[in-house]
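Student: Below, each chain spelled out in residue letters.
There are 6 protein chains.
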Amino acid sequence: MTPSYLLDRLVELALSEDLAGGDLTTEATVAIEDRAIARATAHSPLVVCGGDVFARVFYRVDPGVRVERVLDDGALAKPGDVLWIAEGATRSLLMAERTALNFTQRMSGTATLTRRFVDALPAGTITRIVDTRKTTPGLRFLERYAVRTGGGHNHRDNLGSAVLIKDNHIVAAGGVKMAIERAFKHAPHSTRIEIEVESLAMLDEALEAGADVVILDNFAQSEIAVAVERAHGRALIEVSGGITLERIGALAQAGVDIVSVGALTHSAPAADIGLDIEKL
Amino acid sequence: MTPSYLLDRLVELALSEDLAGGDLTTEATVAIEDRAIARATAHSPLVVCGGDVFARVFYRVDPGVRVERVLDDGALAKPGDVLWIAEGATRSLLMAERTALNFTQRMSGTATLTRRFVDALPAGTITRIVDTRKTTPGLRFLERYAVRTGGGHNHRDNLGSAVLIKDNHIVAAGGVKMAIERAFKHAPHSTRIEIEVESLAMLDEALEAGADVVILDNFAQSEIAVAVERAHGRALIEVSGGITLERIGALAQAGVDIVSVGALTHSAPAADIGLDIEKL
Amino acid sequence: MTPSYLLDRLVELALSEDLAGGDLTTEATVAIEDRAIARATAHSPLVVCGGDVFARVFYRVDPGVRVERVLDDGALAKPGDVLWIAEGATRSLLMAERTALNFTQRMSGTATLTRRFVDALPAGTITRIVDTRKTTPGLRFLERYAVRTGGGHNHRDNLGSAVLIKDNHIVAAGGVKMAIERAFKHAPHSTRIEIEVESLAMLDEALEAGADVVILDNFAQSEIAVAVERAHGRALIEVSGGITLERIGALAQAGVDIVSVGALTHSAPAADIGLDIEKL
Amino acid sequence: MTPSYLLDRLVELALSEDLAGGDLTTEATVAIEDRAIARATAHSPLVVCGGDVFARVFYRVDPGVRVERVLDDGALAKPGDVLWIAEGATRSLLMAERTALNFTQRMSGTATLTRRFVDALPAGTITRIVDTRKTTPGLRFLERYAVRTGGGHNHRDNLGSAVLIKDNHIVAAGGVKMAIERAFKHAPHSTRIEIEVESLAMLDEALEAGADVVILDNFAQSEIAVAVERAHGRALIEVSGGITLERIGALAQAGVDIVSVGALTHSAPAADIGLDIEKL
Amino acid sequence: MTPSYLLDRLVELALSEDLAGGDLTTEATVAIEDRAIARATAHSPLVVCGGDVFARVFYRVDPGVRVERVLDDGALAKPGDVLWIAEGATRSLLMAERTALNFTQRMSGTATLTRRFVDALPAGTITRIVDTRKTTPGLRFLERYAVRTGGGHNHRDNLGSAVLIKDNHIVAAGGVKMAIERAFKHAPHSTRIEIEVESLAMLDEALEAGADVVILDNFAQSEIAVAVERAHGRALIEVSGGITLERIGALAQAGVDIVSVGALTHSAPAADIGLDIEKL
Amino acid sequence: MTPSYLLDRLVELALSEDLAGGDLTTEATVAIEDRAIARATAHSPLVVCGGDVFARVFYRVDPGVRVERVLDDGALAKPGDVLWIAEGATRSLLMAERTALNFTQRMSGTATLTRRFVDALPAGTITRIVDTRKTTPGLRFLERYAVRTGGGHNHRDNLGSAVLIKDNHIVAAGGVKMAIERAFKHAPHSTRIEIEVESLAMLDEALEAGADVVILDNFAQSEIAVAVERAHGRALIEVSGGITLERIGALAQAGVDIVSVGALTHSAPAADIGLDIEKL
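Protein chains in written order, with this note's numbering: chain S, 5 to 284; chain Z, 5 to 284; chain R, 5 to 284; chain L, 5 to 284; chain W, 5 to 284; chain A, 5 to 284.
Source of the hints: derived by calculation from the structure; they are not laboratory data. Misleading hints may appear alongside valid ones.
[What the hints assert, rightly or not] Sample of chain L residues with no beta-carbon within 10 Å of chain R, all distances over it, derived: (1) 22; (2) 126; (3) 152; (4) 186; (5) 234; (6) 253.
[What the hints assert, rightly or not] In the EDC-like style, the derived pairs of lysine to aspartate or glutamate whose C-alpha atoms are separated by at most 20 Å in a straight line are: (7) R:189 to Z:261; (8) R:170 to L:276; (9) R:283 to L:171.
[Claimed, not checked] Covered stretches of chain W (in silico footprint by chain S; criterion: 3 or more residues with CB under 8 Å from a CB of chain S, positions within the stretch not fixed): (10) 14–27; (11) 64–74.
Computed from a predicted model, the values in this text were never measured in an experiment. Glycine included, every Cβ here is placed at the ideal spot set by N, Cα and C.
My request is simple: use the sequences and hints to build the entire structure.
Tutor: Next comes the structure, spelled out in structure tokens:
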């Protein structure tokens with residue numbers, strides 16, 4: 005359940021892009037009393053995501069449209085499966101169609117790509133696939149939800165919700181130890197202290213200073229195994245940057261706790277969903 | 005030049021996702037008086053796009069940050085090329101970094117993909133590569149700009165700016181002829197009347213009724229050539245749906261006027277741009 | 005049917021001007037449990053316009069108010085006719101009254117004035133009465149609807165929905181031919197190319213360059229007839245500027261396709277509508 | 005001086021109506037480096053109003069445009085007089101032109117009409133011309149300013165800023181006396197208590213109950229004189245409803261304190277202002 | 005009854021602070037189908053205030069939550085009394101809880117403090133306890149309502165709703181008499197003219213110039229009595245600044261008309277209200 | 005440095021409450037060309053907080069006002085100390101005054117109260133004073149900043165930034181162990197897992213399940229010492245609820261890591277700051 009007020013803001017923004025000047029074609033060709041049924045249908049295999057948004061787009065265009073969810077978010081749909089059904093004034097269905105699909109194709113695209121990464125994990129591993137802050141401006145909330153829907157986990161939501169020390173912070177603070185100490189001193193006690201390191205020496209320094217999570221930046225696969233071992237019981241190990249489906253198995257077998265994948269949100273291709281409208 | 009007020013709305017929306025609660029890490033580790041220079045650098049070949057937005061993000065976080073554009077929008081950058089430079093308080097640079105990149109990686113991604121389609125056109129053809137309404141909710145304005153930056157053209161902006169009659173409109177109006185007549189009667193005289201057809205018979209009907217542009221839906225390549233010939237001097241021919249880079253050459257040689265490609269905006273991978281921050 | 009979300013934005017803006025500090029008088033004098041019926045009544049002959057907005061204003065003040073539309077938008081009302089009826093808490097009716105009337109008096113005023121222009125067209129002519137972009141800031145969507153309600157047509161919605169080349173564009177582009185060529189090259193294929201000319205020589209140049217619509221700026225009535233003849237079958241002719249009711253007949257008989265009238269939206273007097281409230 | 009933040013909200017709303025999709029024509033025909041000077045010029049006699057808004061529209065489109073105010077708000081302009089001058093990128097001038105004029109033609113229209121009413125007052129009278137709450141949704145702030153600019157006065161700003169008891173309030177409260185007593189008891193001490201009456205008997209009742217201002221609703225001119233006499237030294241007398249320029253002299257000579265005129269804001273024709281753009 | 009649209013703006017602002025990133029804990033621990041009942045309970049004696057807001061917060065998170073008001077606004081609650089009950093999805097109740105309480109604890113806190121001041125007035129006095137413009141940014145509407153709920157009255161709502169001349173205005177205008185004259189000349193006739201004075205001499209000057217209300221700034225209690233006598237029948241007397249509960253009795257007995265207390269809104273401690281959630 | 009865009013949203017909201025209808029008094033009495041200097045002065049001992057907001061309020065009313073910060077945020081001011089100075093048009097200073105003070109009195113009030121709690125900690129203790137989510141709707145960002153300014157720390161920002169398991173979550177999840185396990189499984193790895201317990205037995209269960217932070221709810225002081233000992237090296241101990249200044253010393257000496265105090269934000273009295281305006 006997504007809070008209504010959050011969806012409304014996004015839905016109104018999107019509708020205003022497409023409908024601020026009405027719908028010339030629909031007003032010219034469709035009678036105001038015509039009614040129809042619209043079925044959102046998968047055209048390729050996908051993980052369903054976005055039922056709440058789908059329903060809300062139609063609601064905001066016309067509260068009289070009724071929406072039914074045939075498949076729940078997270079379900080696997082094969083080509084031809086109906087995901088959601090909307091029924092009401094034909095004009096309203098046609099005016100809301102594109103906006104509803106623009107949201108849900110994107111969300112299902114991210115959920116589907118996430119599932120592919122999660123499915124690439126060997127059985128029995130503890131490794132998490134997580135997202136990053138590389139989200140589409142304005143859609144972070146929905147994209148993080150899509151990652152969870154696909155079986156992934158979320159990283160920190162924003163710059164204010166957790167500490168993640170990167171190279172520039174280390175330089176500014178005067179070293180790994182200083183940076184971690186300052187973070188412990190200033191940050192809320194509710195956040196773990198995470199730091200990105202570029203070598204095993206920096207990893208040691210970070211562990212020594214009490215880091216809770218350490219990101220390995222551009223480590224060779226062999227170094228990653230060493231790092232996991234050294235951190236065992238002291239900190240979680242995250243790998244980030246240049247992650248492909250092919251590397252997931254090896255990373256998991258090396259015992260990495262977290263693999264963060266920017267592509268889940270910045271480069272997932274839209275899922276192929278169509279809307280078939282039938283006159284009533 | 006993009007009107008300032010338009011950028012501000014988008015930029016504030018994006019910043020509020022990342023910075024509503026401040027930046028824990030930066031506030032803990034970076035002194036308030038530290039200054040730095042940040043260079044946005046291409047990590048892969050790309051078409052530059054988003055200089056205005058890049059500058060505005062830093063400006064809205066801190067009006068004291070100075071931004072220089074090294075490469076203009078539309079330029080081809082190779083790996084290592086510096087696109088834009090920001091200089092100011094280190095804290096401000098770090099707080100704005102992710103938002104600035106989230107915008108520009110996406111815009112440059114769309115511009116770069118568009119350029120690949122445009123470059124696939126044989127020399128001397130008149131064919132246009134155009135976008136669709138399959139844009140990211142909230143970012144339509146920027147993505148349409150990115151398509152133009154990559155050498156493409158825009159389709160209609162929204163449902164109120166031009167007429168495009170699709171199958172459901174035809175059914176509702178009672179046929180191709182009726183739909184076109186109604187559109188001519190109701191729509192502003194400033195819009196062309198465009199219609200999507202599924203057969204050569206429907207094409208003939210549309211031409212007869214005076215359609216200005218006809219979209220061929222799922223026509224075989226051989227039929228496309230026939231359609232172009234029949235429409236010659238009477239209407240423009242647009243091809244849409246399932247367009248890949250490989251098909252562009254043949255479509256252009258068949259004399260198609262317009263090829264619309266949804267993937268330009270719904271599935272372009274983000275361009276790889278990094279921000280290198282150097283302490284001053 | 006106007007999308008709910010569009011009305012809400014306008015309605016909330018207007019309500020916030022009148023009710024941000026409550027309603028001192030009503031709270032002092034009317035008991036919270038009082039109920040009443042309010043009838044919006046025409047005090048002069050008018051074309052009804054604004055039923056959706058009327059209902060939404062009451063809804064946003066108090067979802068418990070029930071609104072009935074006695075006359076549809078576009079109907080002709082004579083003095084004394086009831087247009088719409090609202091029933092609910094007396095306090096809510098009194099708080100929403102002025103805002104509901106401010107919207108609908110203005111919309112009905114524009115619809116009524118438009119109808120007068122449309123009624124001035126001789127029977128059998130093809131001439132359209134169209135609006136301009138000279139609308140009230142913030143109310144363009146509603147005023148364009150009011151023009152259609154009065155039997156008029158809309159011109160382009162905004163600067164991004166169609167091309168209209170004026171004198172400054174011609175000068176900047178280096179002449180009529182160059183301006184039209186550039187427009188064809190850059191603009192979406194969905195828009196017609198319209199240009200404003202000041203002489204028959206410029207008209208010829210525009211027709212030669214393939215303009216779809218030509219606006220005659222300050223042409224004598226005799227020249228207008230010549231222009232219509234020359235453009236016949238090649239372009240539509242629009243007349244604009246200084247249009248009065250008295251000129252409509254002659255312009256239509258000269259065969260002009262489009263007459264655009266700024267006064268429809270910038271100077272229409274408000275229609276006289278009152279709200280009679282009866283205690284239940 | 006109008007607070008910047010207030011203008012921005014209105015200006016952005018208006019710009020978004022016209023420029024959300026860019027300016028097709030200007031982008032096609034005007035080079036990005038072209039510069040020009042634009043002179044806003046009166047085409048009919050008018051009271052100048054809206055210099056702040058004029059400047060802010062250009063500023064929000066492009067902070068690089070420089071605006072000079074040749075005539076102050078409130079000045080009388082004759083045809084040909086230049087009111088304001090904007091200088092900057094030609095593209096920016098053309099993109100902002102219509103919005104800037106839509107605001108200022110309306111504001112100057114209201115100021116000009118107000119001045120006509122004020123000028124109709126005989127010399128030496130104390131009568132005020134005031135506006136009403138019959139303003140354009142969204143523009144109340146600007147229209148009230150325009151009334152003052154034309155020499156008029158404002159009535160209460162909104163339902164929360166002062167008490168005005170009308171017929172429905174009287175009925176709900178159980179009579180004139182009860183309504184006034186309740187208002188005194190509940191309303192802030194900073195507001196006067198104003199009441200609308202339909203007969204001399206009601207006037208007496210209102211004066212008895214201590215009303216500060218009494219509005220005479222549809223009184224004959226002869227009754228108005230009687231009412232003024234009875235109220236002398238006890239309450240102010242306001243006349244409202246069906247006020248024309250012709251009646252102003254008589255009302256003033258009868259000693260009426262306030263004449264409220266809805267037409268100032270709901271039916272003022274737009275002032276005729278043009279923008280002449282000259283290439284630099 | 006508070007207009008829905010006003011509550012929504014405030015409620016959405018508050019929800020976005022707490023829920024923009026979802027609710028990690030609730031999503032992890034509470035099943036989506038769990039339902040519960042939540043009882044808002046007084047933990048200390050208080051004046052109930054905020055039922056409308058309480059209901060609206062739950063509604064905006066989840067329209068499926070049903071809210072019942074056990075005690076009306078203005079009622080006195082003793083520890084253990086249930087004020088309001090919400091029933092619905094447990095997740096929704098937990099997500100809305102803090103925001104609903106943040107509003108109502110503050111509103112009830114102001115109502116409770118106001119009641120203490122009102123209860124300190126001796127029986128039979130005419131003195132009003134009123135608020136000031138020292139309200140919480142963004143919450144003025146709700147806090148003024150809370151003051152009325154506690155038995156107090158409101159002062160002017162904002163700078164545009166009434167005249168209040170302070171020391172700087174007097175200096176700028178060139179004296180008490182000039183300031184009052186200018187105010188009478190410029191301000192709407194619907195507002196009283198109020199002025200703040202620092203001595204009995206200034207009071208005399210203000211009364212002479214026709215001030216409707218006079219504020220005594222830092223007068224000794226003995227001077228206050230003199231001032232009340234001099235102003236009797238000519239102007240209302242308000243006392244402001246440094247008002248404590250202990251002084252109320254003496255001020256009322258001196259015949260002061262109005263006592264304005266900034267602390268009602270700027271320093272009222274939050275009322276102690278808890279939400280007990282019981283699984284269904 | 006607070007991002008400009010964040011301040012603007014809050015500042016505009018507050019200004020719109022006070023200035024939407026202009027400033028009647030100032031416009032009537034102060035000449036448009038008058039200039040003045042305004043000094044914000046402490047009237048009681050306080051911790052300075054809000055310089056950025058103070059400056060931004062004046063800037064948004066009038067960009068021509070110049071603001072100087074005499075004392076930095078966090079400084080201790082004694083009565084008579086000047087905090088900030090604004091210089092510019094007298095009208096602008098008077099229009100912005102109340103809004104600027106409403107923000108800064110509240111922020112300085114919270115900073116001052118926080119400092120009192122921090123100063124109550126015995127020298128050498130590690131105990132933190134932290135805030136809660138009991139903040140003023142709309143002002144959370146500023147109030148959390150004020151807590152830090154007073155020497156306190158922040159708790160989690162919102163429901164999406166960290167996990168905090170309370171009684172209802174425990175019941176819903178089926179016990180302490182289950183709730184903690186689910187939280188570890190679902191929540192981002194960047195957050196610590198915090199849980200509230202009501203007995204030493206529950207504490208043991210929480211420690212066993214790996215909780216990072218444990219809140220003791222209504223523990224006797226003697227039990228607190230036991231809890232600290234048991235948790236030593238395994239989890240942080242937080243005490244919450246009914247915290248007064250008097251208890252701080254004992255809690256710190258017992259070795260509690262965190263003391264959270266809702267009153268810092270929900271019941272801090274406004275700091276006494278005045279604005280002295282001197283004509284130039």
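Student: Each hint needs a verdict: does it hold in this structure or not?
Tutor: These are the hints, each one checked on the structure:
no., hint, in the structure
1, 22, "5 Å, violated"
2, 126, "27 Å, holds"
3, 152, "17 Å, holds"
4, 186, "5 Å, violated"
5, 234, "24 Å, holds"
6, 253, "23 Å, holds"
7, R:189 to Z:261, "12 Å, holds"
8, R:170 to L:276, "19 Å, holds"
9, R:283 to L:171, "11 Å, holds"
10, 14–27, "holds (count 8)"
11, 64–74, "holds (count 4)"
Checked against the numbered hints given earlier, the structure breaks hints 1, 4 and satisfies all the rest.
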